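Kindly generate the complete structure, drawing on both the sequences and the hints.
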Amino acid sequence: RKLVSNRVRDCKKYAPEARKVATQEFEAMEKRLAEATKRLAPLRKFRQEFEQKIAAKKALQEIQNKLNSAELEIEKAHIMTSSTDTQMEQDDITSTSQLLGPAEEDLQKTWTLIHQRQPIQDAAAQKELEAMKKRVTEAREKLKSIRDVLKRQEETLQVDGTLAQVHEKIEHAEEAFLATSEAEMPFLKGLEVLPVEEGIQAVAQCEAAIKKCEAALESARNYIKKVEADSKTKFSKEALQHLMGELTKCRQRGEDTEKKLIAFRKETRQRKAKGMVQEVNEKVVEAENQSQALAEVVQVLHTDNLDTVTVDSLKMAFEQSV
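Each residue of the sequence shown is one higher than the last, beginning at 1 in my numbering.
Honestly, the hints are just simulated from the structure, not real lab data.
A quick note: this is a predicted structure, and the numbers were derived from the prediction, not measured.
Treat the hints loosely; a few may be bogus.
Ranges of calculated distance between the beta carbons of each label pair, as one might list FRET restraints [stated by the list, open to error]:
(1) 94 to 189: 55 to 61 Å
(2) 89 to 64: 33 to 39 Å
(3) 256 to 148: 34 to 40 Å
(4) 241 to 64: 44 to 50 Å
Note that CB positions come from ideal geometry on N, CA and C, so glycine has one too.
Right, here's the structure in full:
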């Protein structure tokens with residue numbers, strides 16, 4: 001078209017007759033060019049639309065790949081957390097959480113790509129893009145529900161672990177109290193009075209058992225207090241309620257053990273006092289016996305007529321009295 005326009009301009013320089021002929025020819029060419037351009041316009045539009053469709057298809061495929069990858073990882077995680085009645089192990093919780101990270105990243109990239117590609121001129125592609133947006137929203141909701149399940153599983157695992165340690169400390173205190181029964185066995189032989197030395201040793205064993213039980217109870221009480229303080233902002237309301245309920249039961253077990261220990265401590269003190277009285281009584285009896293023996297030995301010195309007492313008798317009486 002530009003070339004014809006230039007030639008039309010150039011033909012003005014020709015002689016009148018030649019200019020007339022050239023002008024007619026070029027005008028006819030321009031008319032044909034206009035008709036050809038008119039016929040080419042739909043083809044040009046088709047090409048443009050075709051290129052747009054190719055670009056849209058390529059963009060949709062890229063988005064589709066990201067979305068498929070995210071949905072696959074989310075479905076794997078969903079299968080691993082689908083059994084709500086079973087407590088997951090820590091390794092399973094960790095591996096499931098690791099699936100969600102890349103899935104969440106792919107969802108974010110998919111969402112970004114969708115918004116970058118909008119609006120798409122092709123109606124079918126735009127409709128497919130809207131469907132993908134819906135899938136991303138649903139996948140995000142599913143991912144969130146899986147994270148909630150994992151959080152509950154993690155909390156349950158932590159609560160169970162904490163309670164296991166509390167139970168261990170309470171059981172240690174209870175076992176320590178059971179050791180007091182072994183310590184008091186000498187007092188349960190059916191004898192009204194134990195030999196002094198045996199009684200002193202038995203009381204010492206009972207006091208050692210009491211101290212050990214006291215230490216175990218103190219350790220359990222302090223640990224329960226620490227768990228209560230640390231857990232107030234650490235767990236969800238449901239998990240915290242369960243934990244506090246179990247701690248109350250454990251505290252009650254500790255209090256029951258302490259009541260029994262108080263009674264045993266009181267009984268041990270009574271036995272110790274009784275043993276001390278027994279020891280004093282035995283010392284008194286021993287002193288009285290020695291005094292009686294001494295009186296009998298030195299009786300010879302009270303004789304009115306010492307002349308009748310031999311030297312050997314006097315010497316023996318003196319030695320026994322010393």
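Against the structure, test the hints numbered earlier, and report the numbers of the ones violated in rising order.
Every hint satisfied by this model.
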